[in-house]
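Number of protein chains: 2
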Amino acid sequence: MTATADATILPAHYTEMTSLLREASTLGSVGALLGWDQETYMPPGAGRARAEQSSVIARLTHEKRTDPRLGELIRACEEDPEISDPSSETGANIRCIRRDFDKATKVPGDLVAELARTGSEAQDLWKHAREKSDFAAFAPALTKMLDLTRRKAECLGVTSGGELYDALLDEYEPDARASEIEAVFLPLRDRLSAFIADIRENGTPPRVDFTRREVPVEKQHAFGRAVVSALGFDFGAGRLDTTTHPFCSGMAAGDTRLTTRYAPDNFADALSSTMHEAGHGLYEQGLPKSGPFAGTPLADDVSLGIHESQSRMWENSVGRSRAFWAWALPLANRHFGGVFDDIDVDTMVPAMNTCTPSLIRVESDEPTYNLHVMIRFGLERSMIKGELAVADLPGAWNEQYKRLLGVDVPDDRRGCLQDVHWSFGLIGYFPTYSLGNLYAAQLWETINEQIPDLDARMERGEFGALLGWLRENIHKHGRRYTARELCERATGKALSADPLMRHLERRVRPAYGL
Amino acid sequence: MTATADATILPAHYTEMTSLLREASTLGSVGALLGWDQETYMPPGAGRARAEQSSVIARLTHEKRTDPRLGELIRACEEDPEISDPSSETGANIRCIRRDFDKATKVPGDLVAELARTGSEAQDLWKHAREKSDFAAFAPALTKMLDLTRRKAECLGVTSGGELYDALLDEYEPDARASEIEAVFLPLRDRLSAFIADIRENGTPPRVDFTRREVPVEKQHAFGRAVVSALGFDFGAGRLDTTTHPFCSGMAAGDTRLTTRYAPDNFADALSSTMHEAGHGLYEQGLPKSGPFAGTPLADDVSLGIHESQSRMWENSVGRSRAFWAWALPLANRHFGGVFDDIDVDTMVPAMNTCTPSLIRVESDEPTYNLHVMIRFGLERSMIKGELAVADLPGAWNEQYKRLLGVDVPDDRRGCLQDVHWSFGLIGYFPTYSLGNLYAAQLWETINEQIPDLDARMERGEFGALLGWLRENIHKHGRRYTARELCERATGKALSADPLMRHLERRVRPAYGL
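Residue numbers (the working numbering), protein chains in the order written: chain D, 320 to 833; chain R, 320 to 833.
Read the hints as simulated data drawn from the structure, not as lab findings. Where hints are given, some of them may not hold.
What the simulated footprint calls covered on chain D by chain R, stretch by stretch (three residues with Cβ under 8 Å from a Cβ of chain R suffice, anywhere in the stretch; the number is not a length) [what the hints assert, rightly or not]:
| # | region |
| --- | --- |
| 1 | 346-354 |
| 2 | 412-422 |
| 3 | 549-561 |
Ideal Cβ positions, reconstructed from N, Cα and C, are used throughout, including at glycine.
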């Protein structure tokens, strides 16, 4: 970091401002622990108390983030030419702090607390509704969360020419707009559909039967830990636990928690999930959380699209590559007692690169994944617009799955109840998954140009050069640059769908003998 | 609960007061989760961040507890004859709320935050120092904690004729005084010493060799869960995890978390620890935390002495009885695959009632346990008085263990570093352990009078009548009565050491063939 980050020479208004932010960030990290615990170890009877705890912490965090004193200090910093130069680190930090403050002060504290409390309750209801595939049991909670979320969007305001949904999207992917996303998604959807049709019609599906062989959950867990350690995840500053809907919580400096889930007859699904969350976790561990920018935007992730590019890169670009499996297959056999002894790399890798339209997003393969995301993007945007009623969601969901993926949804558990997001009010979040895939593919092409022997390294189980590149080009910058700028600085090009399509062609066609 | 607890007819100042308290209580419960997590699942690298989180939450909780508005509302309640009658539930609640408020407002928020932060750091240092048996590595942190704790005691103030230590003791055992405790402890110490000497000189030690047979930790865990479920602990509203220094956290309504520890060659120690914490947990689950008194003193435990009476009763009065083992031994054999198939109840029970002076308090047997406590009481009282320097603690500790228990302390890990309490600043806490034993023995005599077939019930694994008695006579009252009043209401007598001595005679003498 530059000399401007040295607290000893920074003006008092800057240090006071960052110390207020650090306190807000600490409270936010406490909220993250409440969330992690709720998804991992909390007893079922604690639901009500947890909702109350989450609500109190959310309200207090919001109070800190909207403290009028913070507003005064931001203004003083903006007016101080020594630190506000937008090309400096402090200047970039001040710009982000202003942005966050303006957004936060638009949403009343009561609404923030209500969103947290209702979200915590709705999440509990969703869990039970999902188990019983009972959409009607979840619908009232979803309606309530949608109302609250729409109220939040109205508080944040619509920019000229935009729509209400943009205000929500902006929380996760700053400065993105629904119309721009649609403009990227529609042609991509057509290219993906054509690609999938071509594979399905002309290719020969690879063998996948062996991927359903039984592997005890404890052995899968040990294998997953070994892989993730090799990728560079620091277990001295993190954990790996099990949950229903896997996530990563980079809750505080030195505390990054991955979660995953296991099925005895689907080791590959668990490994994907573990490597995906590890990708998020490696980003969290690479952010400058304990340096001079602790608790400020420069220690934060830039956008969910970039966050997802990290998870998808480790999950797919690495985790479905021939080079990775040359190293990982013998390791798996050591852990699994030779369950795949009769399977060679040339048999394993095609099975990891299938193209089979299916019901569950988080279990779907790489080519079809983005179609799952696009369906959700369309549906949530319609719900926010008021064009789709909650009661009609299951029907609309099922119709689109039939039309775009050609699958019949047998029940809501495997349909519109499968994801946790909406219960928490995370609307505007889904499109960042596909943005992540686009960023990942583009970064991956650049990385392979700059580390030409990457495959050879991965075959030896060496991921340090790759992680080092990501640390240097992505992680360490926090929010210093926008997602768009970061991508252009790292790859030299604006974001394009071409690398993703090239990547899929390169991986999937050979798996189908094309 | 009485009609006065019905919020609809309660005056506005009372409901506003309790809603402020509920918020403070919710924040306190968040602090409890931070503490539980630190002792169970937190990655080692998160120590610094956790200290910061604990400090922020402690400070905010303190702010809520000392809110001047709360002071105004308490005064309004005290002046309201409709609710302040000391014999009513609301009146008892108001009296406790006044007491807590007066105490809380005496300690500045900065000191509270510093105690929380330093305690969290010191606790981490203690953990490492204990592992390496390196007292010097912990001494500076202990000195700091003692200074802060002494400052806290000075803020709380000394009552006339009392000493600084009383102010600390009062936090854990309201209205108790060091001089009174000493007056109970000194004669009890002499009676125990005489009793132990008699057993050691004249008795024949029972067989204990078989208690060190190997039992895999997972099997011990399943057995412990089965026992604790049978006692009545609700796992739908609680958990059982492992940690270094077992504790129970009744952190919120529906959320009571037990912790224990296992050694493959000491199943009895783990079972004791699990039943002990379950005793605390059953009390927590029996407190009226989600009724009209949620978040107020009437939903809280009355004192640590009473709390400990619950844990010690389940651990010892139940867990070392012949009736318990008539049921538990076959259960253990089913879980352990017959490890104790050759051991009958008449062999098992004496082994659970030994009398062997030893090094570690939490592993010590029932007759010697109180001597461990008395040593700590004397040492911490001397340290607070300034008569014992931190540097001299190991020497003083070892000298007293030699003199009172006749054992040589080989290293500080098994000496003055064995307990977590002092690192957290929990000074004045230890004597409540022995008060708990005294209360437990006295309650146990009354319970056996009132449930004459208790043994027969326990032999069938039925603990409902016992738990029901405790719920009715202890748990449901929260802080409605003082510990002394509660004991007298339940047993009809003032607290006496006689029941404890009778209990030990009855249990230990036969084990030694006397």
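Structure versus earlier hints, numbers of those that do not hold, lowest first: Number 2 - this is the single hint that the structure violates.
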